[in-house]
Amino acid sequence: MVIILYTLCALSIPAGFLLGSGPAGRWVNQAANLWFGALAYILLVLITADIIRLILGHMKRVDPRWVKSRKSFVRAGAVCLCVIGLISVWGYINARVIRVTQYDVVIHKDGGNLDELNIVLAADLHLGYNIGCSQMEQMVEKINAQDPDLVVIAGDIFDNNFDALEDPRRLAEILQGIQSTYGVYACYGNHDVDEPILAGFTFPSDKKKESDPRMDAFLETAGITLLQDEGILIQDSVYLFGRADKERPGRGIQERMTPEQITKSMDPTKPIIVIDHEPRELDELAAAGVDLDLAGHTHDGQMFPANILMKFLWENPCGYLKKDQMHSIVTSGVGLFGPNMRVGTRAEICKIHVSFEP
62 MVIILYTLCA LSIPAGFLLG SGPAGRWVNQ AANLWFGALA YILLVLITAD IIRLILGHMK
122 RVDPRWVKSR KSFVRAGAVC LCVIGLISVW GYINARVIRV TQYDVVIHKD GGNLDELNIV
182 LAADLHLGYN IGCSQMEQMV EKINAQDPDL VVIAGDIFDN NFDALEDPRR LAEILQGIQS
242 TYGVYACYGN HDVDEPILAG FTFPSDKKKE SDPRMDAFLE TAGITLLQDE GILIQDSVYL
302 FGRADKERPG RGIQERMTPE QITKSMDPTK PIIVIDHEPR ELDELAAAGV DLDLAGHTHD
362 GQMFPANILM KFLWENPCGY LKKDQMHSIV TSGVGLFGPN MRVGTRAEIC KIHVSFEP
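In the numbering used here, the protein residues as written are 62 to 419.
Think of the hints as simulated: they come from the structure by calculation, not from any bench.
Watch out, some of these pointers could steer you wrong.
[Stated by the list, open to error] With a Cα cut of at most 27 Å, we get these calculated DSS-like pairs of lysine-lysine:
| # | residue 1 | residue 2 |
| --- | --- | --- |
| 1 | Lys383 | Lys268 |
| 2 | Lys331 | Lys307 |
| 3 | Lys372 | Lys412 |
| 4 | Lys170 | Lys325 |
| 5 | Lys269 | Lys307 |
| 6 | Lys307 | Lys270 |
[What the hints assert, rightly or not] Pair by pair, the computed Cβ-Cβ distance ranges are:
| # | residue 1 | residue 2 | range |
| --- | --- | --- | --- |
| 7 | Ile65 | Ile369 | 29 to 37 Å |
| 8 | Phe373 | Ile64 | 34 to 42 Å |
| 9 | Leu294 | Gly238 | 22 to 30 Å |
| 10 | Asp328 | Thr282 | 14 to 22 Å |
A virtual CB, placed ideally from N, CA and C, is assigned to each residue, including glycine.
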């Protein structure tokens, strides 16, 4: 029975890929993503248990016969199953609770017509098999509760496959409900392209990867303005620039603008805010005169122990970092990549209160 169950779970990942986005495929993909997360902790727990067994086997005070006995084996197995089950259930539940993280920053420039700006940052929605209408309803409710002046979405709005969306029309209606004084703006990320995806991972290709035209139309219907290496001036006072993704710059863009090119035509006395999916080029952005850089992409590792690894991969893997005069804020994101759970991290939106003090 155990072998049959394990085989079905193991086959769910390729089966979901082959079945596609129909009703059966959707259910199998959701199960596959949950299994993918559980599998990671099956391996981690079993490796940890084996290390403990080896240590006990070499301890003089421990009877080696007890370590190797069937009774000990059964008890250890039961403990491992409980730990794996608890982690998986908690990870699934935890991923569906969106928290609000607050930051207060001061930009030492004249805000013109604005003395302050309440910004809500969201990122990594990953709309698809894992994330659908209920999560977006919760997100919109949390955003509106912050009474934002400006809402920005820092990429990975989609999870590669537009057909994986639960109900595009309903999702667009939900996102239309975002209430923001100066609008809702977004940039694209590395997953906002049309390509096959298997358990969160994509396939290499020499062909330029671009967004599905339906993704662009979806954002327009949802009332979200896409900034693809372009900017706007809010209230004739504050610049907002949305960068193209570094890995997949998208349709019509061969190479994204450098930080120096971004700010070259801007008035440096005005505050400059940049949304960029990946928190890269922080030194260059700060040197170019950017005051606030908002990003996502990292998910803060999403699942322990990856959240520890992120600290070695990114200068600012999640949270706040001051870079010269520039403030860098990276969110752990709303949605999920691959495994359908979060362990040791949290789903969040960020409320950022910006004060302008020349």
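Query raised in the report: Tell me, which hint numbers fail for this structure?
Result: 1 and 10
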